[in-house]
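Asker: Chains A and B are the protein sequences, given in the same order. To convert, take the position in the first sequence, counting from 1, and add 212; that gives the working numbering. To convert, take the position in the second sequence, counting from 1, and add 1311; that gives the working numbering.
Hints are computed from structural coordinates only; laboratory data are not their basis. Misleading hints may appear alongside valid ones.
Unchecked claim - Quick list of in silico lysine-lysine cross-link-like pairs, PhoX-like style, CA-CA up to 25 Å:
1) A:Lys-280 / A:Lys-264
2) A:Lys-289 / A:Lys-264
3) A:Lys-268 / A:Lys-289
4) B:Lys-1376 / A:Lys-310
5) B:Lys-1380 / A:Lys-310
6) A:Lys-310 / B:Lys-1382
7) A:Lys-268 / A:Lys-310
8) B:Lys-1328 / B:Lys-1380
9) B:Lys-1368 / B:Lys-1328
10) A:Lys-310 / B:Lys-1368
11) B:Lys-1329 / B:Lys-1382
12) B:Lys-1382 / B:Lys-1368
Claimed, not checked - Here chain B is said to cover these stretches of chain A; the calculated rule only asks that three of the stretch's residues, wherever they fall, bring their Cβ under 8 Å from a Cβ of chain B:
13) 255-266
14) 270-283
15) 312-323
C-beta atoms are modelled at their ideal positions from N, C-alpha and C, and glycine is treated no differently.
As a plain string of letters, each chain reads:
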Amino acid sequence: GNSVTQMEGPVTLSEEAFLTINCTYTATGYPSLFWYVQYPGEGLQLLLKATKADDKGSNKGFEATYRKETTSFHLEKGSVQVSDSAVYFCALSSSASKIIFGSGTRLSIRP
Amino acid sequence: EAQVTQNPRYLITVTGKKLTVTCSQNMNHEYMSWYRQDPGLGLRQIYYSMNVEVTDKGDVPEGYKVSRKEKRNFPLILESPSPNQTSLYFCASKRTGDNSPLHFGNGTRLTVT
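Please take these sequences and the hints and turn them into a complete structure.
Answerer: See the structure below:
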């Protein structure tokens, strides 16, 4: 079946460091891929998405490229801020009814 | 403002006492879904609905019921809650289509003693 695997957290970085959160997936067909972010006390919100191979999603300085050959959708940001501290979820959607989430990666940024 | 509204935000109850968590969206979305979030397990889908009067089981439906009598509302019902249902619950909605993103409520933290 379809699945999403993302790197274990927590991840702790200093402000202005480079961020990578790894995400790989297993799916039949051509799923859409998403990154969601969850700030403390809130629900998840869409960060970025990509719907086909080689698409790059980007938002708020974050980027992720849909790599079909490596079945990956790694999240990157060149210079993180304290305000980026949150939990990040990778997800895939292979049908209108099924969205599968990874287990989440907690990110903490030190000033 | 486009939003998904869940109530209550916090709920403490005892084993066996029926409860309902309400969910309402104002975006005219066809699809609605309930998830539970537990440490190390990410989000697991409980039930979903593709449209009014159409509901289906997700990955962890045991002990839960839902209904979809109106497009905007999708309540989650626990007929006889048990301690293993202590969790953080999220309602979400989206347009149909596999590349439409989910819109989430702010969550309901349920404790069953």
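Asker: Quick check: which numbered hints come out false for this structure?
Answerer: 14
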